[in-house]
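J.: Could you build the full structure based on these sequences and the hints that come with them?
Going line by line, the protein sequences match chains A and B.
Just remember that my numbering sits 14 ahead of the position in the first sequence, which is counted from 1.
Just remember that my numbering sits 14 ahead of the position in the second sequence, which is counted from 1.
FYI, nobody ran anything at the bench for these hints, they're computed from the structure.
Not one of these hints is a red herring.
Identical copies look the same in the list; a pair holds intra-copy or inter-copy alike.
Computed list of lysine-lysine pairs in DSSO-like fashion (alpha-carbon distance at most 30 Å, straight line):
#, residue 1, residue 2
1, Lys269, Lys360
2, Lys26, Lys365
3, Lys319, Lys360
4, Lys357, Lys319
5, Lys357, Lys272
Now for the letters of each chain:
Number of protein chains: 2
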Amino acid sequence: MNIETLHENVGKWLSDSGSESGTVLSSRVRIARNIEKNPFCHWANEKQREKIYQLLFDPVKSSNYFAGGLAVRVDELSKLDRLLLVERYLISLAHSRGMKFTALVVSEGEIISTMINEEDHLRLQVLHSGFQLPEAFELAMEIDKDFQRKIKFAFTREFGYLTACPTNVGTGLRASIMLHLPALVFDRQISSILQAVSKLGLAVRGTFGEGTQSIGNIFQISNQVTLGKSEEEIIVDVEKMVKEVIGHEHKSREKLMKNNRLRLEDRVGRAYGILTNARMLSSRETIELLSTLKLGIDLGIIRSKTITAVKINASRIQTQPAHLQKFEGRELNHLERDICRAKVIKKIFSKRRG
Amino acid sequence: MNIETLHENVGKWLSDSGSESGTVLSSRVRIARNIEKNPFCHWANEKQREKIYQLLFDPVKSSNYFAGGLAVRVDELSKLDRLLLVERYLISLAHSRGMKFTALVVSEGEIISTMINEEDHLRLQVLHSGFQLPEAFELAMEIDKDFQRKIKFAFTREFGYLTACPTNVGTGLRASIMLHLPALVFDRQISSILQAVSKLGLAVRGTFGEGTQSIGNIFQISNQVTLGKSEEEIIVDVEKMVKEVIGHEHKSREKLMKNNRLRLEDRVGRAYGILTNARMLSSRETIELLSTLKLGIDLGIIRSKTITAVKINASRIQTQPAHLQKFEGRELNHLERDICRAKVIKKIFSKRRG
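T.: In structure tokens:
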């Protein structure tokens, strides 16, 4: 893998496979770990951060899980490349600020990634397509085991894994599911359902995590608490709740097809027509049109080998600002990005396959 | 020609040929004639109207100009077929009301048509594609000459041809040009230009003649006065004025391409995308999108063998209510028409040629 050509493809977790791929875009497991007897990142001075980096980078990089992948010092990347990694969900916005001795190790296909010197010394992420939370969790645990052969993480019997932020203490586990819920949004049921989810101790976030808005009817549901529950319990809790939400979305979709089929078909058709014929597309309009198109595929309104969920996923990732600028090989202003976005979408949808 | 299959094609005057076809959709010449010593239609009783019909129908029908065409009693047609003829510009709305002994004779390809027992005993119309007013006028005069071999029209040396309405007395000639003026509309210059046209004694009308609104940026310019000027003078006056208007439209188009090219390309692309992918299309939206698409072709924004002005012309005619109902072979309500309209447009634009 090469940072220079990364933007030309998208991660394997966007392959539209896995169960419930009509509503569940992806399943993500993240674990936070810190090396024992070393200060947390926000307490550490530059020397200490350097040491943490040195203790982690090679052991992680040399793990078999990352063979053929990408290992980079984030603070040595250009601002554009750092933004590119954010857009691919490989690093957090905080990690992209380019603090000294921040690093990233990614597996081939981008299923697994590890941030070094983010909020915690090490943050491991496993991303799977569709509803595959237990699978993602198992893989994360396997890799964690592998890491622990070489690295000693801060752990107490009383608290479990110690983390920089108290909300992560314990398992250090965050399980999150990215959901596409257009029918619940259309039905105006989304807020009451998400409120219920919140009340039951789960967090609901926008497309890019905490503090971000939902666009294109995409929502993230994840656990809030990592302490006082076993890893397995956390996974089961999130799974159960997501199944509930999916159930509601399915009911709303059925209702939509029964009562508004024609208008839905019209919207889906127009979305495709605009996406593939516009000369300029704003980011928001694109995401909204892609959402409509995805719903059209999921409901069988569109049955075409050239209009696929994989292309929609690719469009969502590859029309983001950094991707567009990598595509054109130069900085783009707002208008130029809108023009480039339309070009990239046309290119993706004109492909014979995919 | 057959009234049952008429809706499957459109008249030859929609072939997008003739000069200035980018702005001039069609040139029309109409002459009004009445048989001498017979009361005007609105004075005539049924018996007298029958006599007028008998005096005209066979002589007109048997004229060589109408060989292979269509000759029908309008009052014997269904309401739907009468509306169909209005939509094809072959009869007037007044003529479509189905008064006794009204008739229509049309040439093959619909270039020439004659209404019998409309406001005048005979109204001859010649329709040409593009800016071909002298050609249309010449043909009308030829046919008039042919008619006069068999029919004696009311004519005085003082007034010229006598007609039911004083505004037609004299030459009985109306020369009109159908113009597509999207850039002047966009530029907000259209009203001042059309006002100037009115002040110079010409009439400006909407798409379907007197009292109708302009939709899709289509306007009709024609002479008001038929008395006190020779036929040739009338033709020259209309031609001159239309050339002025076309000149302004061209300037506005140049300005548009210079200052708003990108937005224009975007609008044109989206218009095509929506037209060919919507599941429902209202009449107004269709006409507006077709107007944008036509401008795109005329300005070279769209260069495709499958997106042609001929298809746009056909779409404009064949998506009207009666055409849609003939297409489906049954009555359609408002929603059904919108669905059928989208279907017809898809069909037209998916054709390899035309």
